Amino acid sequence: MIVLGVDVGSLTAKAVCMKDGKILSQALIRAVTRPSESARQVIAQTLSAAGLSLEDVAYSVGTGYGRKQIPDVTETESEITCHGRGAFYANPGVRTVVDIGGQDAKALRLDADGNVERYSYNDKCASGTGRFLEVMADALDVPLDKLGELSATSSRAVRISNQCVVFAETEVITLVNQGAEPADIVRGLHHALANRVAALAKSVGVTPSVAFSGGVAKNAGVVLALSEALGCELVPLDGVDPQFCGALGAALIAMDRAGEKAA
Amino acid sequence: MMITAGCDVGSLTSKAVVMRGNRIIGTAIIRSRTHPEKTARQVMDQALKMAGVDEKDVAHSVGTGYGVEKIAFVTARHSEIACHARGARFLVPTARTVIDIGGQDCKASRLDENGGVLKFLANDKCAAGTGRFLEVMAKILNLSLDELGKLSKIARAPVTLASTCTVWAQADVIQYLNSGETVADVGAGVNNAMASRVASLANGVGVTADVCMTGGVAKNQGVVHALEKLLNERIVIPRKADPQLAGAVGAAILAREIAEGSK
Chain A
1 MIVLGVDVGS LTAKAVCMKD GKILSQALIR AVTRPSESAR QVIAQTLSAA
51 GLSLEDVAYS VGTGYGRKQI PDVTETESEI TCHGRGAFYA NPGVRTVVDI
101 GGQDAKALRL DADGNVERYS YNDKCASGTG RFLEVMADAL DVPLDKLGEL
151 SATSSRAVRI SNQCVVFAET EVITLVNQGA EPADIVRGLH HALANRVAAL
201 AKSVGVTPSV AFSGGVAKNA GVVLALSEAL GCELVPLDGV DPQFCGALGA
251 ALIAMDRAGE KAA
Chain B
264 MMITAGCDVG SLTSKAVVMR GNRIIGTAII RSRTHPEKTA RQVMDQALKM
314 AGVDEKDVAH SVGTGYGVEK IAFVTARHSE IACHARGARF LVPTARTVID
364 IGGQDCKASR LDENGGVLKF LANDKCAAGT GRFLEVMAKI LNLSLDELGK
414 LSKIARAPVT LASTCTVWAQ ADVIQYLNSG ETVADVGAGV NNAMASRVAS
464 LANGVGVTAD VCMTGGVAKN QGVVHALEKL LNERIVIPRK ADPQLAGAVG
514 AAILAREIAE GSK
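Listed in order, the protein sequences are those of chains A and B. Its first residue numbered 1, the first sequence is counted upward by one per residue in our numbering. Its first residue numbered 264, the second sequence is counted upward by one per residue in our numbering.
There could be a bad hint or two in this list.
[Claimed, not checked] Negatives, chain B to chain A, calculated, CB over 12 Å:
#1 Ala322
#2 Ala339
#3 Glu376
[Stated by the list, open to error] Listed below are the simulated EDC-like cross-link pairs for lysine to aspartate or glutamate, each with C-alpha atoms no more than 16 Å apart in a straight line:
#4 A:Lys202 x A:Glu117
#5 B:Lys333 x B:Glu300
#6 B:Lys388 x A:Glu169
#7 A:Lys124 x B:Asp435
Honestly, the hints are just simulated from the structure, not real lab data. Just so you know, these numbers come straight off a predicted model, no measurement behind them. Idealized CB from N, CA, C, for every residue including glycine.
All chains should be built: construct the whole structure from the sequences, respecting the hints.
See below:
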């Protein structure tokens, strides 16, 4: 039986195609203006990679920021549920999931069966989301995906005193003008972001093991800083790309629903 | 009659006032530069020149504002709370609520009958509700701050910005422009959003008539009128001097109180 999970975020859209509990294919695209169009494109890419078409899909679940506008899915499910499900599948020891996306951050606590017990969410303030790093990367003229590498070369983080993205951007420019090393600034920015998100995580109660998902989890500098801020190690999501956690969870839920329907 | 001076070094602009007794005889407003000490010197020299007095004729001078620690020449330093309250009462003697919006902060104070501060709240953590919010928006709209302020008058159906965060609101504004809303309606929406953020701070101290507004944003009629509607109170804008000078005026008055031994 073939199922599909689609996660349409603010910056990227992700889809995972599964057959009998195994991942067949997955795809990620940069989101276009209309969520429905992003969904269409990412679904087409995922199915084509598996050599399938939409008719082969028994059940599909949509999630993410643009989930209300995904055509062709059987149903939609909240991001919280999908992220929890994806992380728990990848590592059943996970009790806390921290997810940093392009325009939001989430923290959720799971029980021993993987059900969401508590969650907290920020999409009101750009600080503490992926956008924080995007703006800073732009100000420093460093590619977003090179921030992690750059911070690894720093010997001492520069303290960033502003939380607000707008104010912190000015602070970064001032620091550059004063001659601070970009690597040290970036390391300081990673700490600033991690501290902000750690506060969110602490509000749901951080219980080990802790997993980190979302696009920002690919930045090794933030992984290190978050682990320091939470005072615990972050466990890897076995074989799962952290950016696909939500789409994978959606596919797993699609599998459940298809099974219920068949029974 | 005694000559006193006040100097208010802010994050974006610095202000100086020279008073002879109860009369303002010299003022200056300049953009703050990297070195607060040099900025302070420059703005004070300008105000002294306009007053036609020599620095040695100044009996006392008080410094205040963001860069207060760096002002070398003053005989005393005082908090912004104290200076702004005195300045506002001098400019608007009936003021019981003072709202001051600066370039990077927003302050609200409730005063007793004699001008004593009963309650004070400030936001300098988040760019929303500060002058910076308007600066960012004016830049996207390709308008001067003056022009932005005037748009509320000609707007037909102001848009509603869904986000408080300056970064997200910026995206809202771009989206509205792309979807064909007029610059006037978007600009008026920006002024309204600004007012609504400031209103919540003002309501936090408890709004009592008369309400006086100081700081650079007091010159933006769109924000002032929107705030009047939200607070359901008329807002008095200082006429005796530029509303941006309130802090420096208060500092000069405090300098006189010190010299007279009443403080």
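Taking the hints in turn, this is what the structure says about them:
| no. | hint | in the structure |
| --- | --- | --- |
| 1 | Ala322 | 36 Å, holds |
| 2 | Ala339 | 27 Å, holds |
| 3 | Glu376 | 37 Å, holds |
| 4 | A:Lys202 x A:Glu117 | 14 Å, holds |
| 5 | B:Lys333 x B:Glu300 | 5 Å, holds |
| 6 | B:Lys388 x A:Glu169 | 13 Å, holds |
| 7 | A:Lys124 x B:Asp435 | 13 Å, holds |
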